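We have chain F already, so just place chain D on it with the hints.
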Amino acid sequence: MKKQRRFLLCLPFALALTSARAQPATRATVLTIAAASDLRFALDELLQSFRAARPGVQVDVVYGSSGKLSTQVRNGAPFDIFFSADRAYAQELEAAGFTAGAPRLYAIGRLVAWSADATLGRLSLDELVRHPGVKRFAIANPEHAPYGQRAVEALRTRGLYEAVVSKLVLGDNINQAAQFVQTGAAQAGIVAYSLVLSKSLAGQGAWTLLPQAWHTPLEQAFVVTKRAAAMPLAADFVRHLDLPASQALLQRHGFGVAARP
Amino acid sequence: MTAGDLQALSVTLRLAAVTTALLLLLGTPLAWWLARTRSRAAAWVDSAVALPLVLPPTVLGFYLLVWLGPQGAVGAALAALGLPALVFSFWGLVLASVISSLPFMVQPLRDAFAAVAPRLTEAAATLRASPLDVFFSVAVPLARRGFLSAITLTFAHTVGEFGVVLMVGGNIPGTTRVLSIAIYDHAESFNHGAAHTLAGGLVLTSFAALLVLNLTQRRRAADSASSA
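Chains as they are written, first to last, in this note's numbering: chain F, 1 to 261; chain D, 1 to 228.
Since the hints were derived computationally from the structure, they do not count as laboratory data. Here the structure is a predicted model, which means the values were calculated and not measured. Note that beta-carbon positions come from the ideal geometry of N, C-alpha and C, so glycine has one too. Please note that the accuracy of each hint is not assured.
[Unchecked claim] Computed Cβ-Cβ distance ranges for the label pairs, DEER-style:
1) F:Ala230 / D:Gly193: 55 to 61 Å
2) F:Ser166 / D:Ser10: 41 to 47 Å
3) D:Val66 / F:Ala185: 32 to 38 Å
4) F:Glu143 / D:Gly163: 14 to 20 Å
5) D:Leu51 / F:Ser166: 32 to 38 Å
So that you can see chain F by itself, here it is in the shape it has in the complex (with noise of 0.2 Å):
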């Protein structure tokens, strides 16, 4: 009996002990990017071809919605590169003096009327909105995510905001709207092209694209952060979004090609 209770009692203390501290990466050769939700297919294969380019690199990438990465950049996470969906939240950063440089469009964005429904899916967005059979629509948090700002954009353009606001559900980020989309738990909801082109997405309901001219366009603007300044993997990491096939990869998920200054 003693001698079990010495070993439980132990137990924490030699886990806690022995377990070794995360493996001390030198800074030059692990890289972290934060990046919107709308990007995760396409940033992930991009990596793969970055990854691959350069073995023995670190690339950790944190998804989540544009303004709570923007917050958390100011709260000082450790972040080296931030690829926002609107260029606004980078645009507060420079200003705030958290970046290396000025933030650069590497993609236009759009929107999606969506439904995992698929005779839902092909009615155009006013008779979605209004069909009975749609008791919640999902589209992403207006407070902080830009998908869901367009989105709340597009349906006021439309004259739909009132009838629908009741039926609303709010999803953390795209992504997550785009989840209560694809498990039915929306009828349907305004997510990310990029998203309904991805391989986990396509072929499920129906889509279609709204219009550019109902909401602000969605210039997707990154930044390098303070920390990384002199970073030559994030230089490294910038280098590669130039290259053509990186551009090709970026309009094959959906992204527009943002107009080079």
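Frame of chain F, contents of chain D only:
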């Protein structure tokens, strides 16, 4: 399980182990005092200890973010001393876990210590045992069921933490991405298979831990009841 998942498992186990060890050191004297004191402050301390049980994790997460962030009292002080920030760090999570799992360590221990008959400790004292000796030779062995309960519950509760970690952690792979966040991530990226694996694994191991705890408690209770 992918390498990323194994990394999340490793971070989770490390966090739970360090938190449990720290709470054993901090919680045991506190529980002993609470069990034996007649001070009126005890009710206040008891309430403070129980607070993390009733508050939503986001409340703790919010206050920690405010205090530990670069504009907060603690965060600014750390920065002024040239020390690394606690937000978005493993040790920041340890601090958050120690606070939120405090009742899981202190309450079972306090109850176990309270069940130690005072005449036993008094008898030991009359036999010239120092207070420390009384504690280790008499109280601790009699409270072993409480220790087992406290350690298991604290460990399991820390493994299951989500709300506070989400707010203060930043989901950094290898540092603050724990199992519960990894499951959330998988669900968000439509990797339902991976989410099932991790979630199912957690259910099984948590249940197994609780089952072992309950089986041993019942057996010991039966033993001591029959031998009393």
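Are there hints from earlier that the structure breaks, and if so, what are their numbers? As far as the earlier hints go, only 1 is violated by this structure.
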